[in-house]
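Asker: Assemble the whole structure, with the sequences as input and the hints as a guide.
Single-letter residue listing:
2 protein chains.
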Amino acid sequence: MQDNLLGSLVDALRCLPGVGPKSAQRMALHLLERDREGGRNLSRVMAEAMERIGRCTRCRDLTERELCSICSDTRRDDGLLCIVESPVDVLAIEQATAFRGRYFVLLGRLSPLDGIGPEELGLDMLEERLDTEPPQELIVATNPTVEGEATAYYLHKMAEARGISVSRIAHGVPLGGELEYIDQTTLAHAFGSRQSFTPGR
Amino acid sequence: MQDNLLGSLVDALRCLPGVGPKSAQRMALHLLERDREGGRNLSRVMAEAMERIGRCTRCRDLTERELCSICSDTRRDDGLLCIVESPVDVLAIEQATAFRGRYFVLLGRLSPLDGIGPEELGLDMLEERLDTEPPQELIVATNPTVEGEATAYYLHKMAEARGISVSRIAHGVPLGGELEYIDQTTLAHAFGSRQSFTPGR
Ligand SMILES: [Zn+2]
Ligand SMILES: [Zn+2]
Numbered sequence: 001m002q003d004n005l006l007g008s009l010v011d012a013l014r015c016l017p018g019v020g021p022k023s024a025q026r027m028a029l030h031l032l033e034r035d036r037e038g039g040r041n042l043s044r045v046m047a048e049a050m051e052r053i054g055r056c057t058r059c060r061d062l063t064e065r066e067l068c069s070i071c072s073d074t075r076r077d078d079g080l081l082c083i084v085e086s087p088v089d090v091l092a093i094e095q096a097t098a099f100r101g102r103y104f105v106l107l108g109r110l111s112p113l114d115g116i117g118p119e120e121l122g123l124d125m126l127e128e129r130l131d132t133e134p135p136q137e138l139i140v141a142t143n144p145t146v147e148g149e150a151t152a153y154y155l156h157k158m159a160e161a162r163g164i165s166v167s168r169i170a171h172g173v174p175l176g177g178e179l180e181y182i183d184q185t186t187l188a189h190a191f192g193s194r195q196s197f198t199p200g201r
Numbered sequence: 001m002q003d004n005l006l007g008s009l010v011d012a013l014r015c016l017p018g019v020g021p022k023s024a025q026r027m028a029l030h031l032l033e034r035d036r037e038g039g040r041n042l043s044r045v046m047a048e049a050m051e052r053i054g055r056c057t058r059c060r061d062l063t064e065r066e067l068c069s070i071c072s073d074t075r076r077d078d079g080l081l082c083i084v085e086s087p088v089d090v091l092a093i094e095q096a097t098a099f100r101g102r103y104f105v106l107l108g109r110l111s112p113l114d115g116i117g118p119e120e121l122g123l124d125m126l127e128e129r130l131d132t133e134p135p136q137e138l139i140v141a142t143n144p145t146v147e148g149e150a151t152a153y154y155l156h157k158m159a160e161a162r163g164i165s166v167s168r169i170a171h172g173v174p175l176g177g178e179l180e181y182i183d184q185t186t187l188a189h190a191f192g193s194r195q196s197f198t199p200g201r
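Protein chains in written order, with UniProt numbering: chain A, 1 to 201; chain B, 1 to 201.
It is possible that part of the hints are untrue.
Identical chains share a label here; the pair holds if one copy fits it or two copies do between them.
[As the list claims (entries may be wrong)] No more than 16 Å apart at the CA atoms, straight line, and that leaves these computed lysine to aspartate or glutamate pairs for EDC-like:
id	residue 1	residue 2
1	Lys22	Glu94
2	Lys22	Glu66
3	Lys22	Asp89
4	Lys22	Glu128
5	Lys157	Asp78
6	Lys157	Glu180
Keep in mind that the hints were calculated from the coordinates and are not lab data.
Answerer: Structure (structure tokens):
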């Protein structure tokens, strides 16, 4: 297969996450047999996206403009600043919640052993922002991993030093989740973070 | 999202079969954050494939050349001609079996109600081939659907009229399949097509 164009297309499709040889094959044949226009369009948009999409100069999220659509939206609340690790997290929060504040995207988490320090995460940029336009509340939405926790701790110190209040999104047993199927770390965390129960609240 | 380039990329990725909104998002972010070179390469190969891949003039399989790699391979056996519905079937047979004969790809199956008759399936082309270079054996590998069966019947008549022997790939319970999980039609077919049991064969 690899000495022909169909084989090259199947190979090239494997750069997509979660696409193995079988699905790459199915995708290539689907486009060739039923949707060449879709394939042409995808090729055009992808080339343009790879060249033109960069980072928002204010929040570091992905955008093809100087400022992303959230940063340039004047109706959003400057008093709330949510810190996330990656652009997927922005999308997830935008889709699931009614949050109307601002974001700052770290593009990673503190990991000194991998050479990822505060500068790599743009924390100097964030620090300047907290100094010049301090929000009322910093919402830390890093992931509950060891590095994510270290990052959260660092952010907490940064905000505390400036008298900005800090909150952390809640971690625990997912709604609809059953205890017996939850991983031990989550369950231990949920147990340790238990709150007083107020019936009817 | 749809008023920006990232949103357009997510939308464009949905032309791929089996890719919903969530996985399109994951794919777009993966390429942008971790594999722009892969994305650029995919875009280039896809554009070229959509423009240049056409049909083999001999077997109707997908190829960017006049003759596909199988038709132009002089080491393959002209005596065996396998008829399949689609290019995926060629790939499946090539990958799973040691078949070294030739193929003819119908690109569909007889379906008069949908306006798919013998010409749409290239059966005139196949007929000419059976007349001028008759194989010893015609292997019918159409799918076991109503239309696939009708097509198989038509092919059988065509070959029979020319004294060419015809075989059909076997249908039944898949190896490793368990009877209780097999769909009823397959099981009924497998039961009806039972063969005499020769122990030790
Ligand atoms: Zn921004
Ligand atoms: Zn061919």
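Asker: Next, verify each hint and record whether it holds.
Answerer: Verification of the hints:
Proximity of Lys22 to Glu94 under the C-alpha cut-off of 16 Å is restricted to the inter-copy arrangement: shortest distance 13 Å between copies versus 33 Å within a copy. In the homo-oligomer, the alpha carbons of Lys22 and Glu66 never lie at most 16 Å apart, since the shortest distance is 40 Å inside one protomer and 26 Å across protomers. Proximity of Lys22 and Asp89 under a CA criterion of 16 Å is satisfied inter-copy only: 12 Å between copies versus 30 Å inside one chain copy. In this homomeric assembly, Lys22 and Glu128 never come within 16 Å of each other (Cα to Cα): the closest approach is 49 Å inside a single copy and 34 Å across copies.
Proximity of Lys157 to Asp78 under the C-alpha cut-off of 16 Å is found in neither arrangement, the shortest distances being 21 Å within a copy and 76 Å between copies. In the homo-oligomer, the alpha carbons of Lys157 and Glu180 never lie at most 16 Å apart, since the shortest distance is 36 Å inside one protomer and 61 Å across protomers.
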